[in-house]
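Model the full assembly from the supplied sequences, consistent with the hints where possible.
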Amino acid sequence: MSSCNTSTSGHSTFLLTGFPGLEASHHWVSIPVNLICVVSILGNSIILFLIHTDPALHEPMYIFLSILAASDLGLCASTFPTMVQLFWLGARELPFDLCAAQMFFIHAFTYVESGVLLAMAFDHFIAIRDPLHYATILTPSAMANVGTAILVRAVLLNLPAPILLQRLLFPQISVLSHCYCLHCDLVGLACSDTQINSFVGLVSILLSLCLDSSLIMLSYTLILRTVLGIASPGEQLKALNTCVSHLCIVLIFYLPKLGLSVLHRVEKHSYPALAVLMANLHFLVPPFMNPIVYCIKSKQIRQGLLKRFQTKRVDVSWNSRRTH
1 MSSCNTSTSG
11 HSTFLLTGFP
21 GLEASHHWVS
31 IPVNLICVVS
41 ILGNSIILFL
51 IHTDPALHEP
61 MYIFLSILAA
71 SDLGLCASTF
81 PTMVQLFWLG
91 ARELPFDLCA
101 AQMFFIHAFT
111 YVESGVLLAM
121 AFDHFIAIRD
131 PLHYATILTP
141 SAMANVGTAI
151 LVRAVLLNLP
161 APILLQRLLF
171 PQISVLSHCY
181 CLHCDLVGLA
191 CSDTQINSFV
201 GLVSILLSLC
211 LDSSLIMLSY
221 TLILRTVLGI
231 ASPGEQLKAL
241 NTCVSHLCIV
251 LIFYLPKLGL
261 SVLHRVEKHS
271 YPALAVLMAN
281 LHFLVPPFMN
291 PIVYCIKSKQ
301 IRQGLLKRFQ
311 TKRVDVSWNS
321 RRTH
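Going by our numbering, the letters in the sequence shown line up with residues 1 to 324, in that order.
Be careful, since some hints might not be right.
What the hints assert, rightly or not - Computed list of lysine-lysine pairs in DSS-like fashion (alpha-carbon distance at most 25 Å, straight line): (1) 297 - 307; (2) 297 - 238; (3) 299 - 238.
Simulated from the structure, these hints should not be mistaken for laboratory data.
Pasting the structure below:
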């Protein structure tokens, strides 16, 4: 890596990093990574197709799930190309503009997913607390406004970061800590003053992930309080069971992010392989697990999937009879 004596602004080359110590085995490491990406793309595409084509799934919860699936596909599209480039082609170089663009989309889709998880928590709270007025509160126009607000917030919170990076000086060649570009990684490589960048990054995290996670915790506190007020134990269990899949996805999304944030501030340089693993868990596991969790836990999704397979089977058998 070049020193800061040969720094430039906006014309640096960044080198991607895979798994430290496993460079010779990157082709083997890439097999499970690529498999996770392919399953993520297929699973979320199926979820989107089912919700779009099945009128029975045109409910607020499944509309939020479709937005979640779309953001997962966007996250896969943002991370997958550079991972293939690194693991299969051995190409590590990434120009500044492409790196900044990837950073923007990765964080934007992450914030969209966080916002959708918050909206789904609110959806569960309304469904349990006030089921009689559920349809009048979460109307199609309200859903459209919530979706628009989530998207606009993600764009506005992430837009300053790549713009402010343009004013920083970087070494001619900088080595990244991961196989994609993250804001904290880029700021840490800069040779010039990064106080404004760090402040903007902190504000965006506070107004997105931290705020969302706090409100999700508040929602579940209110949900638990409401459920405990239900007299029948059977009704209590039924109400809590509707939240299991969402709670699993919240934990899958936030726990690796929390671990990665702690690792970046404490022992990232002591355990670089662990930092890379945590980053991959954070960006690859949620898109992989979300469709699986909802296919397992949601009866309506399972029924829609079975209906599609049965329709396909009937069409195939009917066509085979006609040919004979």
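Each hint, compared with the structure:
Between the alpha carbons of residue 297 and residue 307 the distance comes to roughly 17 Å, so the proposed pair stays at or under 25 Å and holds. Between the alpha carbons of residue 297 and residue 238 the distance comes to roughly 13 Å, so the proposed pair stays at or under 25 Å and holds. For the hint linking residue 299 to residue 238, the alpha-carbon distance of about 13 Å falls within 25 Å, and the restraint holds.
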